[in-house]
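J.: Given only the sequences and the hints, what does the whole structure look like? Please build it.
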Amino acid sequence: MLPTILLAAPVSNDWITLDFPSLAQNFWSATFDGLTFGSIYALVALGYTLVYGVLNLINFAHSEVFIMGCYGVWFTLSFLGFGPSAPNLDIGQIIVNLLLAFIVAIAASALTAFLLERLAYKPLRKRNAPRLVFLITAIGASFTIQYLIFIWRGPVPEQALTMFKPTPIFDVFGTIIYSDQLIIVCAAVIMMVVTDLFISKSRTGRGIRAVAQDPDTATLMGVNKERIIITTFVIGGILAGAAALFYVMKIPSGVVYNGGFILGIKAFAAAVLGGIGNVRGALLGGLLLGLIGNYGQILLGNSQWTDVVAFMVLVLVLLFRPEGILGTSLGRSKA
Amino acid sequence: MSMSDGPKPLHTAKSEQIDEDREAVGTPPGSSSAARRKGKLFGAWSDRWAALPRQKQWLFLIVVVALAYLLPVINPPFISTEPGNDFPLACQLMAIYALVAVGLNIVIGYAGLLDLGYIAFFAVGSYTAAMLTSPDSAFIKIPYLWTIPVAMAVTMFVGVLLGLPTLRLRGDYLAIVTLGFGEIVRILATIIPAMKGQVGFQNVGHPPGVGADGIPIFANSNGTPWYWLTLTILIVILFLVGNLERSRVGRSWIAIREDEDAAETMGVPTFKYKVWAFAMGAGIGGLAGALMGGQVGFVNNQKFDVVTSILFVAAVVLGGAGNKVGAIIGGALVAYIPLRFTAVAEYKFLIFGLALCLIMIYRSHGLLAARQQLLAYGQKAYAAVKKSNDAKNAQPATNLGEELSK
Numbered sequence: 222m223l224p225t226i227l228l229a230a231p232v233s234n235d236w237i238t239l240d241f242p243s244l245a246q247n248f249w250s251a252t253f254d255g256l257t258f259g260s261i262y263a264l265v266a267l268g269y270t271l272v273y274g275v276l277n278l279i280n281f282a283h284s285e286v287f288i289m290g291c292y293g294v295w296f297t298l299s300f301l302g303f304g305p306s307a308p309n310l311d312i313g314q315i316i317v318n319l320l321l322a323f324i325v326a327i328a329a330s331a332l333t334a335f336l337l338e339r340l341a342y343k344p345l346r347k348r349n350a351p352r353l354v355f356l357i358t359a360i361g362a363s364f365t366i367q368y369l370i371f372i373w374r375g376p377v378p379e380q381a382l383t384m385f386k387p388t389p390i391f392d393v394f395g396t397i398i399y400s401d402q403l404i405i406v407c408a409a410v411i412m413m414v415v416t417d418l419f420i421s422k423s424r425t426g427r428g429i430r431a432v433a434q435d436p437d438t439a440t441l442m443g444v445n446k447e448r449i450i451i452t453t454f455v456i457g458g459i460l461a462g463a464a465a466l467f468y469v470m471k472i473p474s475g476v477v478y479n480g481g482f483i484l485g486i487k488a489f490a491a492a493v494l495g496g497i498g499n500v501r502g503a504l505l506g507g508l509l510l511g512l513i514g515n516y517g518q519i520l521l522g523n524s525q526w527t528d529v530v531a532f533m534v535l536v537l538v539l540l541f542r543p544e545g546i547l548g549t550s551l552g553r554s555k556a
Numbered sequence: 023m024s025m026s027d028g029p030k031p032l033h034t035a036k037s038e039q040i041d042e043d044r045e046a047v048g049t050p051p052g053s054s055s056a057a058r059r060k061g062k063l064f065g066a067w068s069d070r071w072a073a074l075p076r077q078k079q080w081l082f083l084i085v086v087v088a089l090a091y092l093l094p095v096i097n098p099p100f101i102s103t104e105p106g107n108d109f110p111l112a113c114q115l116m117a118i119y120a121l122v123a124v125g126l127n128i129v130i131g132y133a134g135l136l137d138l139g140y141i142a143f144f145a146v147g148s149y150t151a152a153m154l155t156s157p158d159s160a161f162i163k164i165p166y167l168w169t170i171p172v173a174m175a176v177t178m179f180v181g182v183l184l185g186l187p188t189l190r191l192r193g194d195y196l197a198i199v200t201l202g203f204g205e206i207v208r209i210l211a212t213i214i215p216a217m218k219g220q221v222g223f224q225n226v227g228h229p230p231g232v233g234a235d236g237i238p239i240f241a242n243s244n245g246t247p248w249y250w251l252t253l254t255i256l257i258v259i260l261f262l263v264g265n266l267e268r269s270r271v272g273r274s275w276i277a278i279r280e281d282e283d284a285a286e287t288m289g290v291p292t293f294k295y296k297v298w299a300f301a302m303g304a305g306i307g308g309l310a311g312a313l314m315g316g317q318v319g320f321v322n323n324q325k326f327d328v329v330t331s332i333l334f335v336a337a338v339v340l341g342g343a344g345n346k347v348g349a350i351i352g353g354a355l356v357a358y359i360p361l362r363f364t365a366v367a368e369y370k371f372l373i374f375g376l377a378l379c380l381i382m383i384y385r386s387h388g389l390l391a392a393r394q395q396l397l398a399y400g401q402k403a404y405a406a407v408k409k410s411n412d413a414k415n416a417q418p419a420t421n422l423g424e425e426l427s428k
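Protein chains in written order, with my numbering: chain X, 222 to 556; chain H, 23 to 428.
Any given hint could be a false lead.
[To be verified] Ranges between beta-carbon positions, derived for each pair:
1) H:Pro-291 with X:Gln-434: 30 to 36 Å
2) X:Phe-419 with H:Val-347: 26 to 32 Å
3) X:Gln-434 with H:Ile-164: 53 to 59 Å
4) H:Ala-175 with X:Phe-300: 55 to 61 Å
5) H:Trp-80 with X:Ser-524: 57 to 63 Å
6) X:Leu-540 with H:Pro-171: 27 to 33 Å
7) X:Ile-315 with H:Gly-219: 36 to 42 Å
8) X:Leu-320 with H:Pro-291: 55 to 61 Å
9) H:Leu-191 with X:Ile-315: 44 to 50 Å
10) H:Ile-239 with X:Ile-372: 40 to 46 Å
11) H:Ala-175 with X:Leu-369: 38 to 44 Å
12) X:Asp-392 with H:Ala-160: 43 to 49 Å
[Stated by the list, open to error] Computed list of chain H residues with no C-beta within reach of chain X, every gap over 10 Å:
13) Val-221
14) Glu-286
15) Gly-319
16) Ala-336
17) Gly-375
These aren't lab readings, by the way, just hints derived from the structure by calculation. Note that beta-carbon positions come from the ideal geometry of N, C-alpha and C, so glycine has one too.
T.: This is how it looks when you write it as structure tokens:
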């Protein structure tokens, strides 16, 4: 990407080194980890996809909806007295704690999404503002929330709190699968299936699809557009809250004011990869991106390469297949 | 949902109706005509300005430019950022931000494309200047002043590279891709060994010349010569951009901003001109980056936080997208406020983030509203239209007066 790379071709060792043996060695653990992160991306990506489907807007502030969920989890954990090292709890207590953190996280995220829609986007819709205005407001709102958190909590990441020590469950291809990976992937897939059923079967879901397809006609047919929009934002918020819980489980030290930023871009890349506006596409895109990112990271030898790889994927998808892998939009998916 | 509110012809007999429609539909930021109605804050000034004869405008401009050059020498009280921040250096930063805002204004204000990763081009410019002059890098060394055109060329190339996949698509993709790019450049600078991460490049070159005391004229801490250099470049760029704006290219940009589909239908090669706008904006960003790199004399990965991009967007939007003067003022303000009011410096991102939302919700044309589209037709056309419009506006008033007197 950097033109200087072209200039420096002779000294390429200084630039990028590919570590194939390491990838071969860690292939399966990278795969399982990639799927775990992929399901987190997918949950966040759903929020982008739903809002994009309904409003045709990239909700830049969705990453802040997500990070508010992370703070919700963190506060719950610190309220429950967790520390950096995992306490010895039996399985029942762990489940209760997880549920509690889950509820707080989705409440925090959904509330943020709700307020965001009401305070930032609704006034614009009333004025029928053009798209550029929506986008600038979205990025402005994102920064406002981010720096409100910054002023409140400061620049240092919160102390890492661990809920439980991941225990080996079983092994596949000689690689151990841990309990946290299993919980995250299963829970994320269940939530995604429920969302998909909700969108395709329920009355509100039908409304969401109708508004995505044609807001004016939907309104004429008796769909309450405003209520559908706010519902969409809240659903996105709930999913982001769930993603926040899993994220904090996986990366306890990731709770920081700008922690959602890169994750938001990755989730958006996942949504575009699967086909933006497509609920199943978000799942597929998220998992794929998680895998690609993890392989890339091991191949290139630095964890920050995941971000670069995710970005490259976004650009490549836009270049060759901008409609994404699955392609269909929310409005046109089957009734 | 289309970006626009229909084609905008020169005001004709139907202009009032069009104005009303526009009010109802809303206009993109930087679009022209509704601005006059909403932009009362400076509207009267800009009308009076347009009414002045050309010579007086020039005279006034020369005075303003002279004052701008003298700014760091005069160091006026109240305005000065001292104590706390060196005023000539503050001026230099303001000029850099103004330059950045003028460049970004091409992308956002004229072509209506949202570029959220402008800092990346700034970074590429800085790194180009640093790697070609700093003793820490392995590249061939060239004199600093030569790095400025090289940096512009390199950033334009990067801009085209980034624009090609995204500019064919709807504008929102560009926004997120540029946002990602802004962060990726910083990450690449961190993780690629040859970019030296936080260690960075020391002793970036500067223009030649040694003062009487043996200290280089363009020393890092000596803000005034740097400020003069940047200001001169800014003025040159303003002339170029002003001419571009009134040319076929500028008209195409404005047509694209107002309604891309309509522009395409009317035969404007929209993709080509979007890439143009993006590349131009990138080039000016790279130029500003090279100047900044030279002045600071040290380039590492810490200076190019993507959040700064949002400050740049705020600068353009604050001044009124599509308005060169507005962009300069916006850019200077965004640089100036944190330096002058050091108490709020910590909150600058919050302040400008909030300002972005509020301006977009309540005053989407910025503080200085643009009358872009009419500029494209030349000032005379503007004056003629304005006269006929005023006459029309005056008409109902007199009618009403007559009715009242009956």
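J.: All the hints need checking, so say for each whether the structure fits it.
T.: Results of checking the hints against the structure:
1. The beta-carbon spacing between Pro-291 of chain H and Gln-434 of chain X, approximately 32 Å, falls within the hinted interval of 30 to 36 Å.
2. Between Phe-419 of chain X and Val-347 of chain H the CB atoms are about 52 Å apart, so this pair departs from the stated range of 26 to 32 Å.
3. Separated by about 57 Å at the C-beta atoms, Gln-434 of chain X and Ile-164 of chain H satisfy the suggested range of 53 to 59 Å.
4. About 57 Å separates the C-beta atoms of Ala-175 of chain H and Phe-300 of chain X, a value consistent with the hinted range of 55 to 61 Å.
5. Separation of Trp-80 of chain H from Ser-524 of chain X is about 58 Å and conforms to the stated range, judged on CB atoms against 57 to 63 Å.
6. Range check, Leu-540 of chain X to Pro-171 of chain H: Cβ separation about 29 Å, and the 27 to 33 Å hint holds.
7. Roughly 40 Å separates the CB atoms of Ile-315 of chain X and Gly-219 of chain H, a value that falls within the hinted 36 to 42 Å.
8. Between Leu-320 of chain X and Pro-291 of chain H the beta carbons are some 58 Å apart, a value that agrees with the proposed interval 55 to 61 Å.
9. As the Cβ distance of Leu-191 of chain H to Ile-315 of chain X is approximately 45 Å, the hint placing it in 44 to 50 Å holds.
10. Restraint check, Ile-239 of chain H to Ile-372 of chain X: a C-beta distance of roughly 42 Å satisfies the suggested window 40 to 46 Å.
11. Taken as a hint, the range 38 to 44 Å holds for the pair Ala-175 of chain H and Leu-369 of chain X, whose Cβ atoms sit roughly 41 Å apart.
12. Between Asp-392 of chain X and Ala-160 of chain H, the C-beta spacing of about 47 Å keeps the proposed range 43 to 49 Å intact.
13. No beta-carbon of chain X comes within 10 Å of the beta-carbon of Val-221 of chain H; the shortest separation is about 14 Å.
14. For Glu-286 of chain H, the condition that its CB be more than 10 Å from all CB atoms of chain X holds, with the nearest at approximately 17 Å.
15. The Cβ of Gly-319 of chain H sits about 20 Å from the closest Cβ of chain X, beyond the 10 Å cut-off, so the non-interface label holds.
16. Its closest Cβ contact with chain X, about 8 Å, brings Ala-336 of chain H to no more than 10 Å, contrary to its assignment away from the interface.
17. At roughly 3 Å from the closest C-beta of chain X, the C-beta of Gly-375 of chain H falls inside 10 Å, breaking its exclusion from the interface.
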